[in-house]
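Q: As a plain string of letters, each chain reads:
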Amino acid sequence: MNIENTQSQMRKGILEFCILSIIRRGEAYPSDIVEEMKTANLHILEGTLYPLLTRLKNSNMLTYRWVESNSGPPRKYFSLTENGLSFYKELEATWSELANAVQTLANKTDSMPDTTNQNPSF
Amino acid sequence: MKKIININFHGRVVPIEETAYDILKQYVESLRKHFANEEGRDEIINDIENRFAELFSERLKKGSTCITDDDVNAIIASMGRPEDFDQEEMMSNGGSGAGTGGSREQSNQQQSQQQQYAGPEVKHLYRSENDKVLGGVCAGLANYLRIDPAVVRIIFALVTFGGFGLGFLIYVILWAVLPPKSLATSVRKRLYRNPENKVLGGVASGLAAYFHIEVWVPRLIFSIPLILGIITSIFRNSWFDFDPTPVFVTGGFGGTLFITYIILWIVLPEAVTASEKLEMRGEKVDLESIKNTIKSDLEGFKGRAQVMGTEMKEKAQEFSRDFKQAAQNFSTEAGPVARKAGTGIGHAIGVLFKAFFLFIAGVLAFALIIFLTGMLFAGAGVLPFRVYLLNGFWQNFWGWCTLVFFIAVPVVGLLTWLIRRIISARSRNNYLGYVFGSLWTIGWISFIIFITMMVNNFRTRASVEDEPAFVQPTSGKMIIRMDETKVSYYGSDWFGFNWGNNSSFYSLNEDSVMMTTVRLNLTKSHDSSFHLHRVRFSHGNNPGVAKDLASQIQFDIHQNDSLLHLPQGFAITPAQKFRNQQVLVVMEIPVGKKILVDRNIEDYHWFNIDVNRRHRGWNIDWNDDYNDTYWWEANVTYVMTEKGLERVDKKKNEDGDEGDEENKQPGDGGYRYKKDSDSAKHQVPKTDSMKKKPVNKKQTTVPAADDARKTTSVEENNDDHDFSYAPFYVLSGLNM
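Protein chains in written order, with my numbering: chain A, 1 to 122; chain B, 1 to 736.
Just chain A, with the same shape it has in the complex (with noise of 0.2 Å):
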């Protein structure tokens, strides 16, 4: 079991959610949500985010325009469509619903092993 791997597939797994949240409040260029989500802690590589985007946006969760740039190429930037925005909702409420499981789990302190907590839910 190797402890890097768990890590980075924990945050992965939230990955689109993270995307979403990010792009919900505005306009969002790639290289800027992987800022964002560095500020947050949150590091993925750039090149994950590519595929990402352009599933989202071709199952019209997102939609893009290209803004003209001094610094080269013109850029693509991302805004949620309407779809989008409700795939977003549901995937927060899921995410609380998450959360406080795992919180709930987490959090609890007595000696029943992991694997009982798992068995059930098969």
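Don't take each hint at face value.
Each pair of labels, with its calculated beta carbon distance range [claimed, not checked]:
| no. | chain 1 | residue 1 | chain 2 | residue 2 | range |
| --- | --- | --- | --- | --- | --- |
| 1 | B | 3 | A | 106 | 50 to 60 Å |
| 2 | A | 99 | B | 61 | 41 to 51 Å |
| 3 | A | 99 | B | 366 | 51 to 61 Å |
These are calculated hints, taken from the structure and not from any lab test. Every residue, glycine too, gets a C-beta built ideally from N, C-alpha and C.
Given the structure of chain A, go ahead and fit chain B onto it with the hints provided.
A: Below, chain B alone, put in the same frame as chain A:
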């Protein structure tokens, strides 16, 4: 010192070191490969390139004269390499699924499938370069259809072997036509045994998880043979006292399922880790799956994949060394040739050759499996017969060992290997090969011991000769026929084979086996009367036993004046054992007398088990004594002459005009049966000579309908004999 080139990168002129450019090019290519399966591949790559361009111009603005290796590497590091994406990719799917809760159980593929409908882009069919057994056609198809490659492969295999190579043809065509492409595995789904919910091995439960169906469905399907077996055995047991086990173990459909279960049990790995459990479910993503994946052991992934790779290699070498190697050698030669030739004719030819050799290898392997399976079933088929064959505990013991280890083990082993290849199962260790290898060695040993014992059983041969009571027939003609059965023997079809009563040398009933290894020899008599000899043969492990067994044969010949009735066969009991018992009936015919052998005598099946060629035994001596044994044909009247047996009709054709006494007398006897049995006697004489010729001509060309008519007409006259053989009557019938 480095060469700097200018490139046009997204509308900007970028001065870049040539090596840096190469790195960049490689990186973009690797991205292209990685996102090959992605819907918006070009867009993603475009975006990334765009970002590169932006970062490049930032750097140039800061005063750099050109883009260096380090620059490119730094950007790539922050972007991440495709290898790094892989893990993230997998997990980001988890994230998307989790967001929507249980209502949207989307895995990566399903999501992009949805996108496929939304997007205008058309998906193309490729051969998969990275997931292939042969040419990657199946994986490509699976990728296109977004299903498990294993399923496509199994379907192809079925179509190939069930449809006379049709599947193979399609495969080769697709192989030649489709362009190769590196495709991401679209379905992360594998068959596992589910250890959490199992009755026996967890096979049904694993299948249920794989196909997302209720557990009871596969369970019920697998238990059908058991249920049926129990039901039928109840019914059977009420009628006969039979062992019900072979019914559901070996019987057609049920047996297939039973064996399938066992094989899947052996072949499928148990889903132990959380990631395997996820794979088993095909990444069905919900709250549990996230919990599971969090616990999953990604480290083990690569390691296991590697272990599997090496194990596969070993297995491949182990099971199909020779022809596989030949095929491999050829394919390695043909492979590069094909690649160099590109998409041209050379490619197609290369593929064809490779396919051809692999096809032959496949057919060989398949034939081997079929042969061994056949042996297995045949072995099982002999089960009810074994009590007659085997003597004592040790022969039984080694017989079973041979059946199980020598024949069943390679079948199961080959199937296991094949299925593991098809589903590319992972396994943690390599014990399977050793287990099968050593089991088969045991099989060979028991096979040799068993065969030695069996040969020993048949080592010596003895015979008992006697002359059954025989009264000279009142007329000059003997008719030999076989009695219809009096004991009920039936085709024993409960183990799937139907031995018809007449199609086999033996048939069974509950406590004995009916042998029909009887032969009838016709020879010339020394004197002027008929003689009948009966010789009974048997094998045994020593002369005493053989002689004893020979004398135990019950083969009673009955005579009814000119009619000689031979029994249908003779029964041997389990106590007597089958030791190739035979009965030879010798009929000595005096010169000038006639003989007719009924066609049902041909139902006897003579065969010889001869394990000791040096001492052929008594049979040879006997044949020397009576070396003028004649070949005869059923349902033809023969007359014995000095030269040997001659057909009566032929003789008449040749010598008919002479009309001598000798000839006429036997000719009369030809119809003696009528004379003997009913009033036809009086109808025969005068017309006899007049009709002789037409009769004989007609006899060879009597139509079948005629047969039937004549038969019925005569039967009315023959109440005292239930002689029911049509052609015989035709002769007499035509004569009237």
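Q: Determine for every hint whether it applies to the structure shown.
A: Checked hints:
The beta-carbon spacing between residue 3/B and residue 106/A, approximately 57 Å, falls within the hinted interval of 50 to 60 Å. For residue 99/A and residue 61/B, the Cβ-Cβ distance of about 43 Å falls inside the hinted range of 41 to 51 Å, so the restraint holds. Taking 51 to 61 Å as the suggested C-beta distance range, the pair residue 99/A and residue 366/B conforms, at roughly 56 Å.
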